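So you can see what is in the structure, the chains are spelled out below.
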Amino acid sequence: MSGTVFAAPPETSGRLVRLVETGREPVRFVLDGVERMALAGDTVLTAILANAPALRQAEFGPERRAGFCLMGACQDCWIWQEQGPRLRACSTPVADGMRLLTRTREDWP
Amino acid sequence: MTEPRVVIVGAGPAGIRAAETLVTAGLRPTVIDEGARAGGQIYRRPPDGFTRPPATLYGSQAGKAVALHTAFDVLVAAGRIVHVPRHSVVALADGVLHAVGDGGGHRIGYDRLILATGATDRLAPVPNWQAPGVYSLGAMQIALKAQGVAMGRRIVLAGSGPLLTLLATQLLKAGAQIAAVLDTAGLRGQIAAFADLAVRPSFALQALAMRARLGRRYHAGVVLEGIEATDSGVTAVRWTDAGGQERRTDCDAVGLGWHLKAETQLADLAGCRFAYDATWAQWLPCADRMGRAGDGVYLAGDGLRLLGADGAEVAGRLAAAACLSDLGLPGPDVAADLKRLDRLERFARGIARAFPWPADQVRALPDDTVLCRCEGITAGAVRETAAYGGAEANRVKSLGRAGMGRCQGRYCQLAAADLIAASGGLAQAGDVGRLRAQAPVRPTPVRAWLEEG
Ligand code: FES
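Protein sequence lines correspond, in order, to chains A and B. For the first sequence, our numbering begins at 1 and goes up steadily by one. For the second sequence, our numbering begins at 1001 and goes up steadily by one.
Derived from the structure by calculation, the hints contain no laboratory data. Owing to the predicted nature of the structure, the values given are computational and were not obtained by experimental measurement. Accuracy of the hints is not assured; some may be wrong.
Stated by the list, open to error - Pulled from the structure, derived: some chain B residues nowhere near chain A, Cβ distances all over 10 Å: (1) ARG1052; (2) ASP1196; (3) ALA1427.
What the hints assert, rightly or not - Chain B stretches covered by chain A per the calculated footprint, using a threshold of three residues with CB under 8 Å from any CB of chain A: (4) 1035-1047; (5) 1127-1139; (6) 1151-1160; (7) 1225-1235; (8) 1359-1365.
The C-beta atom is built at its ideal place from N, Cα and C for all residues, glycine as well.
Could you build all of it, start to finish, from the sequences and the hints given here?
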């Protein structure tokens, strides 16, 4: 997989707006090969959408997806990690060093 | 006699009060919950490190939220409850639950089961609701409460029900920009239901005050025509106002929801009977007033009747009391709670009538509207399947896949039922039959089953 690129400009800005609780500890993670920042206590969904407009590509349509229910019911937010199993972004806390993908893993059949 | 194993699924208001009632009677129940910390959706607690006080998070309900959280935490700390957080129950059979968490799967045996599984948003499809930036109203509330974020810079909230105006005022207060609040319920119906709502005058007054705070953003009696979007997300909502005028509101996020839909998959797997409830416009499990729903199975909270958080606390105590009495153990006096339940149900049915399911809007959906967000199945495809396969929900599901995606029909079932009923010339959505739940009720890695001990 691609290596980490530091301080690359974001492709597009994030979807969500942080309104409150912004004084938490920063967490670094990697999204599609680029290092990004989140805050401790963010879910993976929050962490990604603070940096990008969507989480993944839909399998059955042309559009991208950005989650829907945020309570583990709709299953819209499953994404790939560079290593290891897929995860449900709305119910998984982000952790330092996570390497997340908004694309399908290329080695996946 | 060995102590009976009582397992509660769900640690919201119903599950917490059920657990407390059992502990008071000397039992040590197991409580399995998907959340990291008990509280449920409405009293959901933010992760560690968040600092807003309960008054900010829960408003006028802060006292109730804190009381529930404290009651549960104290019992867990004292070892009186076995708490299994961050686990989903995905299947059950023959007195054994299958729960899956980060560490894999567990089997948990039970003699008596109390299901307090709550509810999800009840969703009606709107053309292009699969675009990124469309969320359920509940999702937007979770984002605000548990993460401190707004899901967009300029938000349109649409649908109907108490959460619509509540969420709008909560977001405004937190500094979010709300472009419009579009209520598909007309004012006339809202006023007609007011007599029932007046059973809880403080609630009714609060709702009016909230409505006033929204001012010109709030529109009643609208029809949602569609959502416009580009590849990176939502750009506008098109709607028709009560006067028949076509309108368009720019935005980058949309919240949708029409009140609540009971989360009933586990009740279904446990063998509970169901009936279509015309007021709530959905199938609900059958139980007696205490929550007895079959052999050793009890239901409580929004997964049984959509009474909201106060009703869930009452129902949780009642279900536990029924369980204790069936075990031959002394339990609490339930007379006062049964009265409360009646009053809360009258109120809740008034709410359901004031903010109805938008059946006409659903039946008029254009054929190319995506009905199933999981697999992109359109309204037209469902109509076609129903036309040649017959107006029965499970046939349409097996022939046309509507309801077979990974949300298991949670978000398309009711709209599909309306389309199927219309196609078959049936009067109400309930006549098309109910989709049966299948295990696992959440997607489950095969690994979790292989490793299961
Ligand atoms: S957004 Fe629905 S399961 Fe994550």
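Consistency of the hints with the structure:
1. ARG1052: violated, 6 Å
2. ASP1196: Answer for ASP1196(B): holds, closest chain A Cβ roughly 29 Å.
3. ALA1427: holds, 30 Å
4. 1035-1047: holds (count 3)
5. 1127-1139: holds (count 9)
6. 1151-1160: Holds: 3 residues of the stretch 1151-1160 of chain B have a Cβ under 8 Å from chain A.
7. 1225-1235: holds (count 4)
8. 1359-1365: Since 0 is below three, the answer is violated.
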